[in-house]
Amino acid sequence: MTLVTSLADNGPGSLRAALAAAPNGDTITFAPNLANQTIRLTSGQLLVDRDIIIDGANAPGLVISGNESSRVFYVSKQGGSATFRNLTVADGRTRGATNVSTSGAGIGTDIRVNLTIDNVTFRNNEAENFSGGAVSLEFQGKGTITNSRFDNNRASQKNSGSIVEFGAGAVQSWAETTLVVRNSEFTNNKGTNGGAIGTIQTELLVENSRFVGNDSSKGGAAFWGQGGAIYADAASKFGDGVGGQMIIRSSYFSANRAAAQGGALSLYPYRPDKALIENSIIIDNTVVADPGGNGLGGGVRLAVGDAIIRNSTIANNNAETQGGGVWIAEDASVQIINTTIGNNKAVNPDPLRGIGGGIFFANNQANKLINVTLANNTASGFGGGIFKNNASSVEVTNSLFVNNRAGNSFSESFQTNRTLTDGGNNLQFPASLPGGKDPQITGSAIVADPKLGPLQDIGGGQLGYLLQAGSPAINAGKAVAGVTTDQRSLPRDGAIDIGSTEFGVGGGGTTPPPAGQFTSGNDDLNLTDNADSADALAGNDRVVALSGSDNVFGNAGDDSLFGNAGDDTLLGGDGADFLFGGRDRDRLFGNLGNDQIFGNIGDDELYGGRDADSLFGGQNNDSLFGNIGADLLSGDLGDDSLFGGQDNDTLVGGDGADLLSGDLGNDLLTGGAGADRFIIGSGKGTETITDYQDGTDRILLAAPLAFGGLSFATVSGGAEIRFGSEVLAFVQGVSPAVFDPADFGTI
Numbered sequence: 010m011t012l013v014t015s016l017a018d019n020g021p022g023s024l025r026a027a028l029a030a031a032p033n034g035d036t037i038t039f040a041p042n043l044a045n046q047t048i049r050l051t052s053g054q055l056l057v058d059r060d061i062i063i064d065g066a067n068a069p070g071l072v073i074s075g076n077e078s079s080r081v082f083y084v085s086k087q088g089g090s091a092t093f094r095n096l097t098v099a100d101g102r103t104r105g106a107t108n109v110s111t112s113g114a115g116i117g118t119d120i121r122v123n124l125t126i127d128n129v130t131f132r133n134n135e136a137e138n139f140s141g142g143a144v145s146l147e148f149q150g151k152g153t154i155t156n157s158r159f160d161n162n163r164a165s166q167k168n169s170g171s172i173v174e175f176g177a178g179a180v181q182s183w184a185e186t187t188l189v190v191r192n193s194e195f196t197n198n199k200g201t202n203g204g205a206i207g208t209i210q211t212e213l214l215v216e217n218s219r220f221v222g223n224d225s226s227k228g229g230a231a232f233w234g235q236g237g238a239i240y241a242d243a244a245s246k247f248g249d250g251v252g253g254q255m256i257i258r259s260s261y262f263s264a265n266r267a268a269a270q271g272g273a274l275s276l277y278p279y280r281p282d283k284a285l286i287e288n289s290i291i292i293d294n295t296v297v298a299d300p301g302g303n304g305l306g307g308g309v310r311l312a313v314g315d316a317i318i319r320n321s322t323i324a325n326n327n328a329e330t331q332g333g334g335v336w337i338a339e340d341a342s343v344q345i346i347n348t349t350i351g352n353n354k355a356v357n358p359d360p361l362r363g364i365g366g367g368i369f370f371a372n373n374q375a376n377k378l379i380n381v382t383l384a385n386n387t388a389s390g391f392g393g394g395i396f397k398n399n400a401s402s403v404e405v406t407n408s409l410f411v412n413n414r415a416g417n418s419f420s421e422s423f424q425t426n427r428t429l430t431d432g433g434n435n436l437q438f439p440a441s442l443p444g445g446k447d448p449q450i451t452g453s454a455i456v457a458d459p460k461l462g463p464l465q466d467i468g469g470g471q472l473g474y475l476l477q478a479g480s481p482a483i484n485a486g487k488a489v490a491g492v493t494t495d496q497r498s499l500p501r502d503g504a505i506d507i508g509s510t511e512f513g514v515g516g517g518g519t520t521p522p523p524a525g526q527f528t529s530g531n532d533d534l535n536l537t538d539n540a541d542s543a544d545a546l547a548g549n550d551r552v553v554a555l556s557g558s559d560n561v562f563g564n565a566g567d568d569s570l571f572g573n574a575g576d577d578t579l580l581g582g583d584g585a586d587f588l589f590g591g592r593d594r595d596r597l598f599g600n601l602g603n604d605q606i607f608g609n610i611g612d613d614e615l616y617g618g619r620d621a622d623s624l625f626g627g628q629n630n631d632s633l634f635g636n637i638g639a640d641l642l643s644g645d646l647g648d649d650s651l652f653g654g655q656d657n658d659t660l661v662g663g664d665g666a667d668l669l670s671g672d673l674g675n676d677l678l679t680g681g682a683g684a685d686r687f688i689i690g691s692g693k694g695t696e697t698i699t700d701y702q703d704g705t706d707r708i709l710l711a712a713p714l715a716f717g718g719l720s721f722a723t724v725s726g727g728a729e730i731r732f733g734s735e736v737l738a739f740v741q742g743v744s745p746a747v748f749d750p751a752d753f754g755t756i
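Every position in the sequence shown, counted from 1, becomes a number in my numbering once 9 is added.
Keep in mind that the hints were calculated from the coordinates and are not lab data. Since this is a predicted model, take the numbers as computed values, not measurements. Keep in mind that a hint or two might mislead.
[What the hints assert, rightly or not] Straight-line distance between alpha carbons at most 20 Å, and here's what the computed PhoX-like set of lysine-lysine pairs gives:
hint, residue 1, residue 2
1, 151, 246
2, 446, 487
3, 377, 283
4, 377, 487
5, 246, 283
[As the list claims (entries may be wrong)] Label-pair ranges, simulated between beta-carbon atoms:
hint, residue 1, residue 2, range
6, 705, 637, 30 to 36 Å
7, 756, 500, 55 to 61 Å
8, 280, 720, 55 to 61 Å
9, 637, 21, 38 to 44 Å
10, 300, 149, 32 to 38 Å
11, 488, 192, 21 to 27 Å
12, 399, 637, 54 to 60 Å
13, 192, 418, 48 to 54 Å
Note that the Cβ used here is the ideal one computed from N, Cα and C, for glycine as well.
Let's have the full structure, built from the sequences with the hints guiding it.
Here it is, written out as C-alpha cells:
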C-alpha cells in the first residue's frame, strides 16, 4: 500500500510520485489530513501505467483537479485494470487533436482496460474537441460505474471533422466494449450525442440511476443532438451474429433535452441486439427540432432492432414534431407492456407538423401494445394517441386509449390516425367523431368512460393512472401469455383488467381505513370528498385526498401525499416524500428530506424545504421555491416563477414566459421556450444561463446593480457578465456584443 501525504503536484509524498513508485497491483491511499482539500495538477495528466487501485476513503472530500488545463488521469496500460474509489475528479480538460486521444477529460483509457469507478464524483470536466467529458472507455474495454455522481461535464465535438457520432457529455464507451452503470446520478451534463452517456458497439446496462437536466441539443457535425441523457448505437460488433443488449432498468429520466431525436433516450439495437426499458420513469423530457426541422421522440427514440418497454412510465414529454412520448423507426419491432404513456405532446408552430402525441410508428415491422394505458396525449396535428405509417403493424390488447387529442381543424385522428390490429379487449374514450376521419382504435373496442384517476404515484416506484371503482375496464381484459403482473409488478388477479394497473391489488381500489385515522406504522388512507384535514403519524404513509380543499401532513417517514381536486395544502414533514397536488391551486411543502413535488394542474406553490428536492410545476402558472439544498426546479407549462434558494440548483423554466432566480450558489438556469427573465445579483454566486435568446429574454439585475456598472468578457463557450472582479453570470452560446441596455432590467 502506498500513502499520499502531500497536496503538491509532484515531489515526495505526492500522488504523481506514488503512481510512479507503486508496484503493479498496489493500492494508493491518502493521509487523513488531506480530507476536504484539493490536489491541483500543474504539470499535466497523471499517468496510470500499471494495475492500480486509488482509494480516497481515508480523506473524505478529497478533490483531484486538472486545474482546467489537463486531463486528470490517463490509464495507459493496454489490457490492464484500474480502480478509482471515494474521490472527486474535477476540472479536467482535453484539447487539441480530435480523436480518441482527447476523450475522457476526467479519466481517459487506452484499449482493453478494465475500469472500475465506485463512489466517485466527476464535475466540471470537459473534452473540448471530442467525447466523454468525464470518462472514456476505448476498444474492448470494460467499465463498471457504481454509486457515483456526474455533474456539469461537457463534450463539444466542435472540431470533429468526419468523426461525427461521438460527443458524450459525461461517459463515452465505444468499439466492442461493456459498460455497467448502477446506483449513479447524472445531472447537468452536456454533449452532442448523449448528454450524459454515449455508447457505440457497447453492451450496456444502466440500473437504479437518475438522469436529470442533461442536454445534447447543441448537436454535432452530422448526428444532430441525439439522446438528451443516453445515446446508444449498437450493443455488439457489427456482423458478429451473436448480438448484445441495451438494458435501462429501474432508472429515472427528467428534464433532459435533445435536438433531433430522443429527449431522454435514443437507442439503436441492430439485430440480433435487443433493447429493454423496464421499471423506469421517463418524464418531462424534450426534443427540439434540428436544423433539418426534425424533433422526434420527446421521451424515447427506438430504431432498427427489437425492443421491449415494460412496467414503465413515459409522461409529460414534448417533441417539436413527432412522437411526444416515443418515436419508433426503421426496422424496429417494439413491444410495450404494462406501461403508462400519458400527458405527452407533439406540438409544432405549424399545427399540422405536430404528429403522434403519445407514439409515432415510422417503422416497417410488427409492434404490440399489451396492457398499455395511453391517456391525455396531445398532437397539434394528427394522432393524439398514436400515429402510424402504412408499413407498420400495431396490435393492441387489453389497452386503454383515453382523452388523447389532436389539434387539426379537420376533426381527424384523435386517438389514432388508422384503425389498429385488434388483439382484443381494448377500451377507448371518448367515442370517435362521426364522418370516418377519426378512426376507432379497433373495431371491437369498448367505448366507455374508464374512470381513471389523475397521473400519480401508484406504488412500485411508478407513476400512472389508477382505475376507480365502477370502471368498465375492471375485469374486462383477457389472459396474455407471460403477462401475470401489472405495471407495479403486482399480480393480476383471475379476471384481468384493461390498462397498465390492476384494480384492487396493492392500492387503487382497496378499502382504506376511515379518513383521518392513522397508526404509527405505514398507513394507506383515502380521504372523503369534503374539505378534510389529515395528520399522519410516523411511518411511510400514503394519503389520497379526493375533492375538496384538503390539509394533509405526512410527518415522519417517506410519505406519498395526493391532493387531487380542490385547493389543497400538503406538508411532507421528515423523510423522502412524494407530493402530488393534482387539480386546482395547491400549496406543497417538502420540508426535510430529498422530496419529489409535483404541482400538476393549477396555479400551484411548491416549496422544497431542506435537502436536495425535485420540484415540477406542471400546467398553469406555478411558483417554485427550492430553499436549502441542491434542488431541481422545473416549471414545465405556463408562466412560472422559479427561485432556487441556497446551494447549487438547476432551474428549468419549460414552456411559457418564466422568471428564474438561482439565488445563492452557482446555479444552472434554462429558460426553455418563451420570453424568459433571469435574475442575477452580486454576492450570490455565478449563474450559468444555458439558452439566452437575444431580443426575447431579459436579464434582471438585483439592487444595487445597474447596467452601467457591468462589464462583459468573451470566454470559452460564451460570455461572462461581471461586476468588478466578480463573475455574476456565464451566458452560454453568445458573445458580449449581443448585450445592450435594452436586454437588462432591475428589480
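(request) Check each numbered hint from earlier against the structure, then list the numbers of those it violates in ascending order. (result) Hints 2, 11 not satisfied by this model.
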